[in-house]
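Colleague: As a plain string of letters, each chain reads:
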Amino acid sequence: MTDESRTKPILVFAYGNPSRGDDALGPAMYELIEEQQQKAGLFTDVALLTDFQLQIEHATDLQQRQQVIFIDASLTASPPYEFHPVLPEQDLSYTTHAMSPGAVLYVYQQINRQPPPPAYMLSIRGYAFRLGEPISRRARAHLQAAFEFLMRGQVLNPE
Amino acid sequence: MTDQLETAQHPERLKRVVIEPLTRVEGHGKVTLLLDDANHIKQARLHIVEFRGFEKFVQGRPYWELPVLVQRLCGICPVSHHLVAAKATDMLVGATQITPAAEKIRRLMHYGQTLQSHALHFFHLCSPDLLFGFDDEVRHRNIIGVIEDHPEIAKQGVLLRKYGQEVIRVTAGKRVHGTGAIPGGVNKSISTDERDYLLKDIDQIIAWSQGSVELIKRIFSDQFDYHMAFATIDSNMMSMIRNDGAFEIYHGGLRAKDPNGQTIFDHVDCNTYEQYLREGVKSWSYMKFPFIHSLGSENGWYRVGPLARVNNCDFFTTPLAEQARKAFRDAGQGRPVQASLAYHWARLIELLHCAEAIKDLLFDDDLLSDDLLVKGDMQARGIGVLEAPRGTLIHDYRINADGLVEKANLIVSTTNNNQAMNESIRQVANHYLDGKQLTEPLLNQIEVAIRAYDPCLSCATHALGKMPLEVQLLNSEGELVDRLQKRADGAIGIPADRENSG
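One line per chain: the protein sequences are A and B, in this order.
Counting along the first sequence from 1, when you hit position 45 you're at 45 in the numbering used here, and nothing is skipped either side.
Counting along the second sequence from 1, when you hit position 164 you're at 164 in the numbering used here, and nothing is skipped either side.
Take the hints with a grain of salt, since some may be wrong.
[Said to hold, decoys possible] Taking lysine-lysine pairs in the DSSO-like style, the calculated list, with each CA pair at most 30 Å apart, reads:
#1 B:K56 to B:K288
#2 B:K162 to A:K8
#3 B:K282 to B:K407
#4 B:K188 to A:K39
#5 A:K8 to B:K200
#6 A:K8 to B:K188
[Said to hold, decoys possible] Heads up, incomplete: computed chain B residues facing chain A, CB under 7 Å, no partners named:
#7 G53
#8 F57
#9 R72
#10 H124
#11 K155
#12 V158
#13 R161
#14 K162
#15 V176
Hints were generated in silico from the structure; no laboratory data involved.
Here a beta-carbon is modelled for each residue, glycine too, at the ideal position from N, C-alpha and C.
My request is simple: use the sequences and hints to build the entire structure.
Modeller: In structure tokens form, the structure reads like this:
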């Protein structure tokens, strides 16, 4: 049983709940990138993963990657999005069953006894997160801006 | 079982402490404590932002979408919602008996879900409390602390969780948003490659699970009296049970026992749950308070989940879990074990059972069969019940002639435990906080009591930057007297806006 995505050097982990308003920004970005892979043949080095939220076992998905991009909705990012490096951190935020990207990197580091791959966070500004609501108009515009950033930049197209 | 401390005589004259939101439990919760001038607890309540909106979310949707759609209700237990909705839609399509292959594939998925959920809860959310003590330094008291001090335990937790997720991926077709269970059966069988892939690690998974049971037993025994007393309440307990009394989490009847272990009802057809259970409301909470109808709301509340299931069952079908159950039972000294912290012990016995049951199923050739689907005459109402990791989960749908959902009723595990969680925090408030100066470790004890139930308080909205912990002290006029904040980095301090305002 092979899993081709395991061998790709870049991991994009876009997460959120597709049925909770702007929390769907992560999964929506997943779909946009997947569409480019399938229809345009782009991003061939990119493995795509999604989930409702980050958890400890996701540290195992970082193995053998050269670069990791986390993508999530954010209530605090400057619109339309923020993009910045993520470092392993003892993130002691008491954030329920969910973990932050930095905490996942830290778990990776601790269980593997080696530094995690370089990682970045793409935080797309969202506004409303109610169950059953679609992505808001403003957030959808931010999603498009963030997607264009990924398309034109070197993040997913390293030399 | 008492309403003592639920409602104070003169709340307007009391100080109010708010712990909001709760930490390391899913979603948003809030505890309010009303204190008199001598810091004596006069009222303690757990408020939860309820799952309301669930029913509205599914109304008007076609029934065949339900098993996929309801996964989005909760990012923590999507597989439980997936499977229970599939069971309800079995009834809608008249599939009174699904094929052996379909049932076993669903069971495998359910064991995988329960295994990964229990692994996360113990190794990530609760082991810090149990390994370091409730009054450990806050910065140390989380999974990072466990990794540093007990690297092998932490690694096992990650890999147990990962294995459960792999079982889900194989059976549901995808890691998340799976489509495996459909009305009347499942849409894929297991290939021999997939079976062999899962078999490869199962002995290690069983060994680690067995080790976790030994660990919790040792932790419990080290301070036996304390663990048996902390947040302990006498309660009824309700769970699913197999026809012969064996532990059962996928399909069976309902059993309820009173605090002394005497039967209240047994082998109740899940489709008749409404005859046995009622949902009460209270003016101060959005979440309902279910109770056993024959006992009334005052005495009929109950607990569900691992503690209830392990107490209620007559035996486990797998040898290692059964051996562990006997040791657990002995701790009760002839009564059901009522200690709230024993939830952790029971949870790990279930973890071990799930690992053993996964292995048994993987040797069952029915998993490879293509006989996956049955259908019968359409019905207007479909009820699904199963034991989710956190307890009994009920989905009840009525559809119209076009197959669209007209009405839905969902009773989720955490709602079943609502009154019990309130009772537990009152016990803690009474025994550990009353008359003392409030400090973070003391407040953490309340959270420890709630975390024992592994409540799933809301669903998977998790946008960054939302979750500090704030404690507010209000006077009898409702004015803010003081507040304390647990920041995102775990530090305790004064909120920045207060510092700025001098």
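Colleague: Compare the structure with each hint and give your call.
Modeller: Now the hints, each set against the structure:
1. B:K56 to B:K288: 16 Å, holds
2. B:K162 to A:K8: 20 Å, holds
3. B:K282 to B:K407: 23 Å, holds
4. B:K188 to A:K39: 27 Å, holds
5. A:K8 to B:K200: Holds - the C-alpha atoms of K200 of chain B and K8 of chain A are around 24 Å apart, at most 30 Å.
6. A:K8 to B:K188: 27 Å, holds
7. G53: 5 Å, holds
8. F57: For F57 of chain B, the interface hint holds, since the closest Cβ of chain A sits about 5 Å away, which is under 7 Å.
9. R72: Interface hint status for R72 of chain B: holds (4 Å vs cutoff 7 Å).
10. H124: 6 Å, holds
11. K155: Holds, because the Cβ-Cβ distance from K155 of chain B to chain A comes to roughly 5 Å (cut-off 7 Å).
12. V158: 5 Å, holds
13. R161: Since the shortest Cβ distance to chain A is 4 Å, the answer is holds.
14. K162: 4 Å, holds
15. V176: OK, holds: V176 of chain B within 7 Å of chain A, min 5 Å.
Checked against the numbered hints above, the structure violates none of them.
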